[in-house]
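Heads up: the sequence lines are chains A, B and C, in that order. Heads up: the first sequence begins at 12 in our numbering, then just goes up one per residue. Heads up: the second sequence begins at 12 in our numbering, then just goes up one per residue. Heads up: the third sequence begins at 12 in our numbering, then just goes up one per residue.
Each hint should be verified, as a subset may be incorrect.
Identical chains share a label here; the pair holds if one copy fits it or two copies do between them.
[As the list claims (entries may be wrong)] Cross-link-like lysine to any residue pairs, in silico, SDA-like; alpha carbons within 20 Å at most: (1) K112 - I32; (2) K24 - K42; (3) K112 - R133; (4) K24 - G44; (5) K24 - P142; (6) K24 - W118; (7) K42 - Q25; (8) K112 - R13.
Since the hints were made in silico from the structure, they are not lab data. Quick caveat, the model's predicted, so the values are computed rather than measured.
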Amino acid sequence: MRSHTHYLWFTTKQRQEIIDITDEVAAQVAKSGVQEGFVLVSAMHITASVFVNDHESGLWAVAPWDPKRYRHNETGEDNAAAHLRSLTIGHEVIVPITAAKLDFGPWQRVFYGEWDGQRRKRVIIKVLGEP
Amino acid sequence: MRSHTHYLWFTTKQRQEIIDITDEVAAQVAKSGVQEGFVLVSAMHITASVFVNDHESGLWAVAPWDPKRYRHNETGEDNAAAHLRSLTIGHEVIVPITAAKLDFGPWQRVFYGEWDGQRRKRVIIKVLGEP
Amino acid sequence: MRSHTHYLWFTTKQRQEIIDITDEVAAQVAKSGVQEGFVLVSAMHITASVFVNDHESGLWAVAPWDPKRYRHNETGEDNAAAHLRSLTIGHEVIVPITAAKLDFGPWQRVFYGEWDGQRRKRVIIKVLGEP
């Protein structure tokens, strides 16, 4: 059994950004030497998401992220919508590793969704499996 | 440590279908020989979900899947609601394996949710654990 | 490779409660002897969630959980909103274990969200990794 841990750091220029991190994840899987296993990709902050999708241009428009829909004003918190996105979109994914590669469908990519950026944020990549 | 990988293929007749795949997942766990571990069940397409629930008749009605709620018309994409369902319902689950069985509560089942079907789609079942 | 399984039981006084279970999860990781690995924390009922967030006071207000938003009356089921929360918030998380500790960001905590309580409910904690 083998494990490998790596942290990705982000300081986005925009408050909200969606960043394709598939290549970074694949690089860490290669570095781990794991042939069969799982890689966990998990945001270490409660105002960010990690998710699998393709990077269609419609992604932003599709997601129901209009803060006005979520009564956030009642809380007096500016980043309430960011928390909700983190909760519903999720903050982590597990990607299967088969024959030392990310075992994805043809359109799948891993994304980091920054919902409250312009500060240093972190994602953990953790690989576990058989060498 | 042992791993086992299997792919389920679907070509649904309806554009949208919810299919109980618990028995297929359990069969692959049995085949793996894993006694203690995890099984990942993950859709390999961005317009499908894998989730745990019971198969109550109300499942379809409950989910807020009316495309009109999600501004999808603004994107010009026909399958925008399918992407959103995949994002919010999620595309994967991890089921614990204890004593070589799916360690589920009494009402839990694994479902494949097809949101844009009538074409060949795939789910990966990946088992990892102790023999 | 090592694995460890533990069940947490809850009988909430309120129908809906959010309970911080981080310390219980950390205690089971310590007990497992795993240094590098994953811990799965998964609700064994379809009307509960397990999720990672901080315990801000605004958490309840933020989440779009007003049952009236979800057409649940059409189903005739009283706990329809509970199912939907379980589906969208999710019923499980994987927390990475590094150097025998939960590898969390500074604000992250694990919560059990009871959406239809006042009865005995269960969460599985399953640790898998390297001793």
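Going down the list of hints, with the structure as the test:
no. : hint        : verdict
1   : K112 - I32  : within (15 Å within a copy, 25 Å between copies)
2   : K24 - K42   : neither (29 Å within a copy, 42 Å between copies)
3   : K112 - R133 : between (23 Å within a copy, 17 Å between copies)
4   : K24 - G44   : neither (34 Å within a copy, 41 Å between copies)
5   : K24 - P142  : neither (38 Å within a copy, 41 Å between copies)
6   : K24 - W118  : neither (27 Å within a copy, 22 Å between copies)
7   : K42 - Q25   : neither (31 Å within a copy, 43 Å between copies)
8   : K112 - R13  : both (15 Å within a copy, 17 Å between copies)
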